[in-house]
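2 protein chains.
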Amino acid sequence: MVLAKKWIYAKAFSGLPTAENFRLEEETVAAIKDNEFLAEAVFLSVDPYMRPYMLQYPVGSVMIGGQIAKVLESKHPKYPVGSFVCGNFGWRTHTVCNPDEGELKPYVLPDFGKEPLSLGLGVLGMPGNTAYFGFLEICKPVVGETVVVSGAAGAVGSLVGQIAKIKGCQVIGIAGTDEKCEWLKSIGFDHTINYKTADIGEELKKAAPKGVDCYFDNVGGKITEIVCGQMNVFGRISVCGTISNYNSEAAKVTDPQRDYVWKQLKQEGFLVYRWKARYMEGIEQNLKWIQEGKLKYHETVTEGFENMPDGFIGMLTGGNTGKAVIKV
Amino acid sequence: MVLAKKWIYAKAFSGLPTAENFRLEEETVAAIKDNEFLAEAVFLSVDPYMRPYMLQYPVGSVMIGGQIAKVLESKHPKYPVGSFVCGNFGWRTHTVCNPDEGELKPYVLPDFGKEPLSLGLGVLGMPGNTAYFGFLEICKPVVGETVVVSGAAGAVGSLVGQIAKIKGCQVIGIAGTDEKCEWLKSIGFDHTINYKTADIGEELKKAAPKGVDCYFDNVGGKITEIVCGQMNVFGRISVCGTISNYNSEAAKVTDPQRDYVWKQLKQEGFLVYRWKARYMEGIEQNLKWIQEGKLKYHETVTEGFENMPDGFIGMLTGGNTGKAVIKV
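The listed protein sequences derive, respectively, from chains D and S.
Going by the working numbering, the residue at position 126 of the first sequence is 126; the numbering climbs one at a time, nothing skipped.
Going by the working numbering, the residue at position 327 of the second sequence is 327; the numbering climbs one at a time, nothing skipped.
Just so you know, not all the hints are guaranteed correct.
[Said to hold, decoys possible] Chain D side only, calculated, beta carbon under 7 Å to chain S, not exhaustive:
| no. | residue |
| --- | --- |
| 1 | 46 |
| 2 | 123 |
| 3 | 133 |
| 4 | 134 |
| 5 | 153 |
| 6 | 231 |
| 7 | 264 |
| 8 | 275 |
| 9 | 295 |
| 10 | 322 |
[As the list claims (entries may be wrong)] Stretch-level coverage of chain D by chain S, calculated; a stretch enters the list once three of its residues show a Cβ under 8 Å from a Cβ in chain S:
| no. | stretch |
| --- | --- |
| 11 | 18-32 |
| 12 | 105-116 |
| 13 | 170-184 |
| 14 | 278-284 |
These are computed hints drawn from the structure, not numbers from a lab.
Glycine included, every Cβ here is placed at the ideal spot set by N, Cα and C.
Turn these sequences into a full structure, and let the hints guide you.
Listed below in structure tokens is the structure:
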């Protein structure tokens, strides 16, 4: 029988967490059954997402999170004793796990060569993949483009900027101390902005004179508003997190900005002339639908060229149903 | 010599336009040169976009806009006398045009069969194509999904809802009068909400009990906030317009919400587990980049399982650079 420790979510988060929100408990670990293994934590992860995610759990739950653990006992052929696994076991020292149950399966770490095991929680784990997929698949950066990363000195942001450099982009990182900014420059960021001391908008204009093509957003809020104001046409924004409001007292289980991430929503502005090469296709299809009786139209007609302002104002105040036109 | 009329943007828009913003003028029309034609307006368009777009033009400009015009004289082989063209000629009765100049070429209307020419400004023109491409290409609706359209009784919205029905979706339209709502039902909308009299959020919950998959947004503002709160995972939002703030007194040449449309920005929230089938690809690529010296990492390590809350709180307050981990 192993004596294990675990951290309990003792009091609901409100504002910045304090020691009161957590309680350390001991537990005895049960014997493993068929297809289970027992693993002991070696490294545990603390990540920003835990702050808003825990709001979904009742007080008294074990704190959620990933860890790298060593398999001590095993009755599962794919998780042999001595292997190291990455699993979402929560804040606990010992875990009995049936890896075939649950949605996020633990996995045996691949061979990291000379790199430390802890990277399985960082660059070679969830944050690394968040940067790799979340930046490349959503921003689809092109050589020569300008990329802005907020929360740039964090686990994800610092990787996004470097991946953008690998892809041939100009990279601007926004972080909260001069030391972080210096570090970002040392790992290849072209420009950095200390959001706590700089005029972000002015600095960004200087650092990105041609505007911003891709924005990888970890923070939301005011910084995001400023960056969005300097985006170029057909800019792409990958919304990874909204850490700027994670610790607000008002943060609730449902929060519109955070929902945007959690629901993986996609939003796109457009002008119809984007499709000008296919313009006649649209007209022909709509005509066909009209002729087949599948598409109805309504016109609100104002007679007389002299009355054009009236027709315009009427349309702006909702006076029309369907298309507003002026008949000369 | 033809005596023509045109409407001048006489005073800058601020708030809802009034008669004072416009001035009717006469002008004599010059003789046409090679590759030009002279056309006389038959139908002219009034559209919501004109309100914000005009802010970019100096007072004294001719009002912008599309029209259907009949070619009266022509020295261009592709625009013969008697043909009807659709062109962005502005609010004027007569236009001399070299169609090979300028970005948005006028085009001779295709054969509309028995349908009226005015449709070239509506369902068989810019609004029709806005609905066709802007909904299908951005929302990519799937049979059985729930689609919400704001500004649903307008030229674009009324078509979007019907195209959504053609594609096998459940369609909810939001409009501003009971008459508009009745009309929308008569052309096939499954549900309608009168935003001026209903509790939009409550009505939407009833009309879309399984949540909203696609939102075609013509209005922005409060309606959009409510709809976004009821989106499903992987929901798509096509942002066509933000008419709710077009007439605000504060509306300036640059407006963040409108810029989103004009710059055709794309924004997407994500969770990394979307790519769980490719998870090892990310880890392997990041490891390769580390081994090639292209990707640097930094860890902020807190020692001791007992100190896990401190490590967590420190990370939330920006105490870490790179990945924050706990070493047991």
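Hints and how they fare:
1. Evaluation of the residue 46 of chain D hint against chain S yields a held restraint, the C-beta minimum of about 4 Å falling below 7 Å.
2. Interface restraint check for residue 123 of chain D: the shortest CB-CB distance to chain S comes to about 4 Å, inside 7 Å, so the restraint holds.
3. At a threshold of 7 Å, the smallest CB-CB gap from residue 133 of chain D to chain S is about 4 Å, leaving the interface hint in force.
4. With 7 Å as the threshold, the beta carbon of residue 134 of chain D comes within range of chain S, its nearest partner Cβ sitting at about 5 Å, so the hint holds.
5. Because the smallest distance between the Cβ of residue 153 of chain D and any Cβ of chain S comes to about 5 Å, under 7 Å, the interface hint for this residue holds.
6. The interface hint given for residue 231 of chain D is met, as the beta carbon of that residue sits about 6 Å from the closest beta carbon of chain S, less than 7 Å.
7. Taken as an interface hint, residue 264 of chain D checks out: its beta carbon lies about 5 Å from the nearest beta carbon of chain S, inside 7 Å.
8. Of the supplied interface hints, the one on residue 275 of chain D holds, with its beta-carbon coming within about 4 Å of a beta-carbon of chain S, less than 7 Å.
9. Hint status for residue 295 of chain D: holds, given a least beta-carbon distance of 5 Å to chain S, under 7 Å.
10. Restraint check, residue 322 of chain D versus chain S: the minimum CB separation of about 6 Å is within 7 Å; hint holds.
11. Under a criterion of three residues with beta carbons nearer than 8 Å to beta carbons of chain S, the stated coverage of the stretch 18-32 of chain D is upheld, 5 such residues being counted.
12. Only when three residues or more bring their CB closer than 8 Å to a CB of chain S does the claim for the stretch 105-116 of chain D stand; here the count is 5, and the claim holds.
13. Remark: the stretch 170-184 of chain D is confirmed as covered by chain S, as 5 of its residues place a Cβ nearer than 8 Å to a Cβ of that chain, reaching the required three.
14. Given a C-beta distance limit of less than 8 Å, the hint that chain S covers the stretch 278-284 of chain D holds, as 6 residues qualify and 3 suffice.
Checked against the numbered hints above, the structure violates none of them.
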